[in-house]
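Residue numbers (numbering that gives the first Met the number 0), protein chains in the order written: chain A, 0 to 314; chain B, 0 to 314.
Do not rely on the hints blindly, as some may be mistaken.
[Stated by the list, open to error] Derived pair list, reagent style DSS-like, types lysine-lysine, alpha-carbon separation capped at 25 Å:
#1 K61(A) / K192(A)
#2 K61(B) / K82(B)
#3 K313(A) / K115(A)
#4 K168(A) / K192(B)
#5 K2(B) / K313(B)
#6 K192(B) / K192(A)
[Said to hold, decoys possible] Examples of chain B residues lying across from chain A (beta carbon under 10 Å, computed):
#7 R60
#8 G149
#9 V153
#10 S155
#11 V162
#12 K168
#13 T169
#14 L196
#15 V218
#16 V230
#17 M303
[As the list claims (entries may be wrong)] Listed next, with one range per pair, are the computed distances between beta-carbon atoms:
#18 I91(B) / P191(A): 54 to 60 Å
#19 G252(A) / Y307(B): 56 to 62 Å
#20 Q287(A) / K236(B): 41 to 47 Å
The set of hints was computed from the structure by calculation and includes no laboratory data. C-beta atoms are modelled at their ideal positions from N, C-alpha and C, and glycine is treated no differently.
2 protein chains.
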Amino acid sequence: MTKKYVLVYAPATIANLGSGYDVLGVAIEKPGDIVEAKRTLEPGVHFTLSTIHENVPATSRKNVAAHVAALMLEEFKPPFGIKLTLHKHMPIGSGLGSSAASSVGAVVAVNELLQKKLRRSELLRFAVEGERLASGSPHADNAAPSLFGGVCLVRSYTPLEVVQIPIQKTFFWVVVHPHVIVKTKEARSILPKNVPLASAVRQWGNVSGLTVGLMTGNVALVGKSMEDTLVEPFRAKLIPAFDEVKRAALSHGAAGCSISGSGPSVFALAPSLKQARVIGKAMRDVFQSVAHVESEMYVSATNMNGAYVIDSGKG
Amino acid sequence: MTKKYVLVYAPATIANLGSGYDVLGVAIEKPGDIVEAKRTLEPGVHFTLSTIHENVPATSRKNVAAHVAALMLEEFKPPFGIKLTLHKHMPIGSGLGSSAASSVGAVVAVNELLQKKLRRSELLRFAVEGERLASGSPHADNAAPSLFGGVCLVRSYTPLEVVQIPIQKTFFWVVVHPHVIVKTKEARSILPKNVPLASAVRQWGNVSGLTVGLMTGNVALVGKSMEDTLVEPFRAKLIPAFDEVKRAALSHGAAGCSISGSGPSVFALAPSLKQARVIGKAMRDVFQSVAHVESEMYVSATNMNGAYVIDSGKG
């Protein structure tokens, strides 16, 4: 009857989508993290990282997955503990919401062992605590789409309010992750504190256009509305050959191209899966030939379901 | 066969809708301007204002309706002239797109006499020339909805690109026009040149929420997403008792309330026409009792069609 074991997949996400800085995010199918949770007799969270990674904290106190699991156990006080194993399959510091995927995988897994005590929407507040631990701020633009799937709008942070944008059709995305390090903190600190009102107006015209395009299935409108004149120009400096990579994406048929989250991954919107592969290859080639940087690419439709249970065992 | 005479109604519009400063506008059913156009043998535009108004230019060179009509005749060089009469039924300087309604009425009327040479979407570039004459800048956030109806997004000004937002259901609006003067130029000059990036992010989260709400028929989401923390606080100072009027609107059931265009009109989103009247009365009462200012109110569903031909005669 009661679940004793669960294995959960939580997907990567592209935050910002260009103009929608800090408010929009979309879930893709891969990459993603896998979180394994088992009931134990001893109370509390017993955390393990399946493979040691240089930049992933391996302790219960510092790892986001263990942290959010512990918060849930503290609140619901079940008569059991949890052995939590994180299979970190996502690249770290890639701009693809790696910490959010780990947190989301953990909250979904723990909720399964708690007999689905909470609805998905109620899990978000725990998942964003992982983001707070990772970056100092409870950002939801990666966590929400990883949890809910599709495109999510963080309409408000105080109070936290997420709107799932009902998108009209499948959009296809390609993400290219160059092997360079961009620190989220640096990517934030490089941004201006103030921006011209006229530029902000241009940006929210684009954000509205992006929203209309997503809801009407208008790929061309989404692509051009991704234009970001406020954040991308600053962050582009942290990514070698960004301008050339973007030009290559657009000249190979991308409807739009921008930085995924705080980078260094660069994403493009493609008219089909097939074209997404062509665009991604062109982008990788430029990273290699111009910046002499290795990269990998992920091609994917929009992930409409978010995190899901791969396997579970009852006891 | 050919039209010799046409009478056109062009509606008022609520620009900005709170957070969508300079990019969003909605057409309402009333008030509006009426433009009458008749073929004449003499070439050129012969302009008359049916009633003299203190703040409406009465000459061909300065009146927006005559100006846009003349531009169309210059471009298409028909073998006739036009006697153009503007019946100015809209309040001037009210923040309801009075000059846009006059321009739109004129371009639609002239296009009828030109045998509908242009599609509606092609008329916009003439209508915004009226806005340029009136305010120095070719704003489209009033002209587009007056011309097309519904809710329009000015996604980009360079180049001019308008997106008609497919709204899901009829929304109900009440506009209260207090009898005070707000100069558009002052309403613009009072705004800061730069704004905090964090506030701009909050604003475009709201603009996206507004767009989703309009397209899904979610009145509550539209209402709260109208929140404007960047422009309204400055312009509110130009409107006596604005804060009290807004509070009255919200406490009488408005889903949201903000300044129409550059003011002084204040509009609210209502759940029904009946409630719109209740809300409008409460707003007028506060203008009267707190600011000792007379006002009139307009209650209306969204105008889904924009400007239309009332009457025409063939020759």
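We went through each hint and held it up to the structure:
1. K61(A) / K192(A): violated, 30 Å
2. K61(B) / K82(B): holds, 16 Å
3. K313(A) / K115(A): holds, 14 Å
4. K168(A) / K192(B): Not OK: K168(A) and K192(B) at ~39 Å, beyond 25 Å, violated.
5. K2(B) / K313(B): Status holds; Cα separation ~4 Å.
6. K192(B) / K192(A): With a Cα-Cα distance of about 14 Å, the restraint between K192(B) and K192(A) holds, given a limit of 25 Å.
7. R60: Violated - the Cβ of R60(B) stays beyond 10 Å from chain A, reaching only about 30 Å at its closest.
8. G149: Violated, about 12 Å.
9. V153: holds, 6 Å
10. S155: Holds - the Cβ of S155(B) comes within 10 Å of chain A, reaching about 6 Å at its closest.
11. V162: holds, 6 Å
12. K168: K168(B) check fails; min Cβ-Cβ to chain A is 15 Å, beyond 10 Å.
13. T169: This interface hint is violated because 18 Å lies over the 10 Å limit.
14. L196: holds, 5 Å
15. V218: violated, 14 Å
16. V230: holds, 8 Å
17. M303: The hint is violated - M303(B) has no Cβ within 10 Å of chain A, the shortest such distance being about 17 Å.
18. I91(B) / P191(A): 54 to 60 Å: At 40 Å between Cβs, range violated.
19. G252(A) / Y307(B): 56 to 62 Å: violated, 41 Å
20. Q287(A) / K236(B): 41 to 47 Å: violated, 57 Å
The structure fails hints 1, 4, 7, 8, 12, 13, 15, 17, 18, 19, 20 (numbered hints given earlier, in ascending order).
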